[in-house]
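Each protein sequence line maps, in turn, to chains A, B and C.
The first sequence begins at 30 in our numbering and counts up one residue at a time.
The second sequence begins at 30 in our numbering and counts up one residue at a time.
The third sequence begins at 30 in our numbering and counts up one residue at a time.
Check the hints yourself; a few may be wrong.
If several chains are the same, the list does not tell them apart, and a pair holds so long as it fits within one copy or across any two.
Pairs of lysine-lysine residues, derived as DSSO-like cross-links and limited to a Cα-Cα distance of at most 27 Å, are as follows [claimed, not checked]:
(1) 260 to 110
(2) 256 to 110
(3) 260 to 93
(4) 136 to 161
(5) 110 to 305
(6) 93 to 122
(7) 178 to 160
(8) 160 to 305
(9) 136 to 303
(10) 332 to 303
To be clear, the hints were calculated from the coordinates, so they are not data collected in a lab.
Remember, predicted model here, so these are calculated numbers, not experimental data.
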Amino acid sequence: MRIAHLNLVAWLLLWPWCAWSGLPENARGTGEHAEQWQPDPMHEYWDPAIHHRPETERVEGVFKAEECLECHTAITPGIVKDWRTSRHASADKPVFCPACHGEDHQKLTFPTPQTCGGCHPQRLAQMEEEKKYGFPSHALAMERAVDSKHFADKPKAEVASCLQCHSVASKCDSCHTRHRFDPAEARRPEACLTCHSGPPHPDDEAFFASPHGQRYLTEGNTWDWSKPLRKGNYQIPTCAYCHMKDGNHQVADKAVWKFGIREVNPKTVENEIKRKRWLETCADCHPSETAQGFFRELDAERKATWTQLYSVERLLKVLRGDGLLRPSARERPPYPMDMMARFFPRERIGFYEGQASAFYNVSAIERDYFEMWYFDNLGAYKGMAHGAKGMFQRLHERLNADAHAIATTAERLRDAGKTDGKMELHPLWMEGEYTRFNRDHN
Amino acid sequence: MRIAHLNLVAWLLLWPWCAWSGLPENARGTGEHAEQWQPDPMHEYWDPAIHHRPETERVEGVFKAEECLECHTAITPGIVKDWRTSRHASADKPVFCPACHGEDHQKLTFPTPQTCGGCHPQRLAQMEEEKKYGFPSHALAMERAVDSKHFADKPKAEVASCLQCHSVASKCDSCHTRHRFDPAEARRPEACLTCHSGPPHPDDEAFFASPHGQRYLTEGNTWDWSKPLRKGNYQIPTCAYCHMKDGNHQVADKAVWKFGIREVNPKTVENEIKRKRWLETCADCHPSETAQGFFRELDAERKATWTQLYSVERLLKVLRGDGLLRPSARERPPYPMDMMARFFPRERIGFYEGQASAFYNVSAIERDYFEMWYFDNLGAYKGMAHGAKGMFQRLHERLNADAHAIATTAERLRDAGKTDGKMELHPLWMEGEYTRFNRDHN
Amino acid sequence: MRIAHLNLVAWLLLWPWCAWSGLPENARGTGEHAEQWQPDPMHEYWDPAIHHRPETERVEGVFKAEECLECHTAITPGIVKDWRTSRHASADKPVFCPACHGEDHQKLTFPTPQTCGGCHPQRLAQMEEEKKYGFPSHALAMERAVDSKHFADKPKAEVASCLQCHSVASKCDSCHTRHRFDPAEARRPEACLTCHSGPPHPDDEAFFASPHGQRYLTEGNTWDWSKPLRKGNYQIPTCAYCHMKDGNHQVADKAVWKFGIREVNPKTVENEIKRKRWLETCADCHPSETAQGFFRELDAERKATWTQLYSVERLLKVLRGDGLLRPSARERPPYPMDMMARFFPRERIGFYEGQASAFYNVSAIERDYFEMWYFDNLGAYKGMAHGAKGMFQRLHERLNADAHAIATTAERLRDAGKTDGKMELHPLWMEGEYTRFNRDHN
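If we strip away everything but chain A, and leave its shape as in the complex, we get (with noise of 0.2 Å):
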């Protein structure tokens, strides 16, 4: 009987209870690990609706605008004047500080998406319709951030860049900077950016390295911003131009591709209605048929890229099938989070199998593609659907370098199982990087 079947005899005894020892106590996070996971003092600014305490310590008092007004010019006086410039001080009836913090300052509030909703209920619907679509979305990005496994696993300090941009779902001040809240300054790119950047959503260095980024930082700085999104305003497109037309919040109807995480058909008649809407943006500068041939292309780049990812995945599979991947998912701790993987543990290779999750806890070859599929192959997709061709280019050598590094150690791991096989397994393996210890000192 090999060791990792002893390993699996005794998880199956001790799980049940290892799990539930030394969580947290008083654990209050939210989503499907609610239990594993407490907040943290910076959730009630991730999460002002679910989390936020007003601070009780310093300022007593009930105050009018005018107070607020006055004190804040004062002490922060940099908020105070954005607020002056914005839209919401100039209105015939202005927005003043209490009708989104309150007038208590024992019991000032954080506002939330609904706060806004209150004066702009056709944006809060827009976003929330986005949820119809599914993930990846804005409207669903906070709750699958906490929801993840990975989210209730690893160290809160590790995950607390997750939140920071997920929080796009809990609060509007994401994408419009507080307290100015100025639509010309949402409609540049820079806006999406602080989140849409570096892996997995590079869309900051794909649109920069297109031609219509390279135009936007050469003239954007002389353009009229105040005008709407719409055709014959603005000489390039930004990324609120096409993905956000008209203003429009909701952002998840043209999603053909999301992202490039999985092999789609784009030729179902759902995808093939959002590819015409996609055909419509670009006719407001393009022929059509430029633009149709352009989509071909992105098309093919999709299934080659798919046909290398697919072959590298069935060269992991063979190696599992062959005992050689090492350690193996029953020679690691399962992550915590997921039940099934303690009772039938299995190697993550490909999408199903929890590729997407597979950040941690894995062998070495079963990150390497992951890495593949989720930096290399989703930067491909978005230099390639952005125009952007020397990320385009980089990404798609990168692919080509990974699948050679991939199949270089798999013949190694051939090898080794020929002549050894018997590797002894260092404990980081057996103890997992982001098992008890880490949920003991999170």
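Using the hints, position chains B and C against chain A.
The following block gives chains B and C in isolation, referenced to the frame of chain A:
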């Protein structure tokens, strides 16, 4: 008799047949390998002189300039607006749409450099003159793309990005935004950087990380870009100031180092002449002693880098001599377009053995050296040449890291050679990533 | 007796002789290793106080300010134009060329911080004050470059980039563009980013990926940069706003984390004082509760990261204990400048064992940990500290990937240790990349 030798015999017998089976029917590409690839719809855009086929479906009729403008102001207002702000529109004898596109909507053309050369013969002649300096150069960029072996070997979806930049040879709007064609725009670095970005020509990264680039970012928006690229007109030089002095469209006559691809003797008579041209340019702002000191540092950097590259090349050649490169050139399919490699297979070590196209189908250690030579080395050169210290430091650090990794892999290969040496190769290596399968499915 | 022990004996006998053979003649560098390296022509530029030698070839004569300007308006119009727009030119008593460069064209000088300090004593004193906070700091940057062992070990061509930034200690025009010296320019982030870019100080990437940086990109060009760096004058902070409040040229008195190089106890009295200074700066715009929450998250991020780094360090130390690091410290040449390492060779694991200079001549796994510690870790810290979520996420993902790769390499080393363990080392390791050969050919 080793299995590799059997393979060789098999190939000698089978390849002549294999090589021409499964090719796309009606292939009608261009260049040396014209028979091996088919253009796709976007080729009419990348190389209009050869591939453009007028679109005959939608609009019939012969139109005058006013009619073009009337219709397109509604259909594609942005490009009309661009044209209206162009010198083409404000000239005494305006250059209207039909001058470049023709009048018959069923026979519309995309303009080529020859079209533009009709009015701008000096600029066309300057660009054509580049050809006498060889490659790299803009004038030869397109043929060097479609003529390279890996262009025909690889899926067209993947080489699409090559043409998006290399088409600089076949259309002027790679640098000059149609339909504005404003020299003021072309003088700014962004005009160059849609292509000169990312490996293997990271000029974007190099320029903006330099003191020149940082000052451009701070002040560039306030400068008068309508002035010619001449001493005293600009506070710092941009790409075009140094490389296209006075707007010269021949960019090759100062090209000493040729991107850093091969070792160059900077002291040849020809290169001394080129350096003198550089020093004259630098002297617009800098004492010539400082500029000379800087070039001596660049010489030293190049020499040190080639010393390091050659030491790694020697290491690989020793491994080849000992039969330790796996899969060896005999154990993997040759590049389909490379007839000689079919009969005399050879690992790709160093520039003269074909390193330049070692993107795929090579052993991991050959690929590692390709990355070191092509990306680290070129980037280090570009960083040094542009005064981008952080980039220069980063890439030298990468050169060191790659030299380490290759030396370690070499030790492992030696070690494995002693204990086993009879690695069973996975079919992936025998079929090749970009051979039959891709040619069938391009 | 293992070959490694023979090597040790050989070194003990031979190194004292080897170490001082083949050195450049007339070496006259500066710093601890002054005898081991020679300045090259650019040193007079990087460290003018020590290395500047006036150029005596071209122009003779003693000139008055008007004469300088007359001639140089024709020769180098750009720098004259810069001076004319400077406060030096428009002051009641203008600061003319000779004030900084002298009058005798055969004895021209490059100004040093002491030259500038003649009129700006407070700024010079502030910078000098940094020295009491140790390194990293601007004031000690130059000596920490030329005094570091790898500066003297490596080809000067390769360390040229070090001086291009570290010369911030020896000349003021690293930050202030000569000959304009406009505070309005120095207040903008670009003034800092020619150096603070790329690992190991990716502040460029961190700032621009943050909401602060994105707003700067959108609006920065419209702000009045002539205002002092003071509360209420800027809508978002730039580098200098937070790090050089009110223009203070002493940047070290808030430096709690020291780039993230070592683990720091943020709760010491000294660090609590520094944090208080930070909180005061943040409070110019943010509620202090939010700022405090943010710093607690940063504390947690640092703790989690060090936990991960230490677990990898322990792994490497176990391998060393088992004699599995190959080539071991005894099997490779020590750093030439490192006398102790010649007699007591030691692998470089962790900061205190010299990880800081483990750029080269270490085993692959030591180098991998160097990359993890120096690039991933520092970048993760910088990303977190500046609110650059994408960067922070990316670097933590790299930390995880590197921890994986190192653990897998460790397993392979253990495995190889059992089957063989007598790897024959290639001469590359015995000679060393940067030892005799490079010292001879620097």
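Quick rundown of the hints versus the structure:
In this assembly of identical chains, residue 260 and residue 110 lie within 27 Å of each other by CA distance solely across copies; the values are 12 Å between and 33 Å within a copy. For the homomeric pair residue 256 and residue 110, the shortest alpha-carbon distances inside one copy (23 Å) and between copies (16 Å) are both at most 27 Å. Taking the closest pair of Cα atoms, residue 260 and residue 93 come within 27 Å of each other only across two copies (24 Å); inside a single copy the shortest separation is 43 Å, beyond that limit. Taking the shortest alpha-carbon separations for residue 136 and residue 161, neither the intra-copy value of 35 Å nor the inter-copy value of 45 Å comes in at or below 27 Å.
For a Cα distance limit of 27 Å, the shortest separation of residue 110 from residue 305 across copies, 26 Å, qualifies, whereas the shortest one inside one copy, 44 Å, does not. In this assembly of identical chains, residue 93 and residue 122 lie within 27 Å of each other by CA distance solely inside one copy; the values are 15 Å within and 53 Å between copies. Only within a single protomer do residue 178 and residue 160 lie at most 27 Å apart by alpha-carbon distance; the minimum there is 21 Å, versus 48 Å between protomers. With identical chains, the CA atoms of residue 160 and residue 305 are at most 27 Å apart within one copy only, with a shortest distance of 21 Å there and 43 Å across copies.
Taking CA atoms no more than 27 Å apart as the test, residue 136 paired with residue 303 passes in neither setting, with 46 Å inside one copy and 31 Å between copies. Taking the shortest alpha-carbon separations for residue 332 and residue 303, only the intra-copy value of 19 Å comes in at or below 27 Å, while the best inter-copy value is 46 Å.
Hint violations for this structure: numbers 4 and 9, all remaining hints satisfied.
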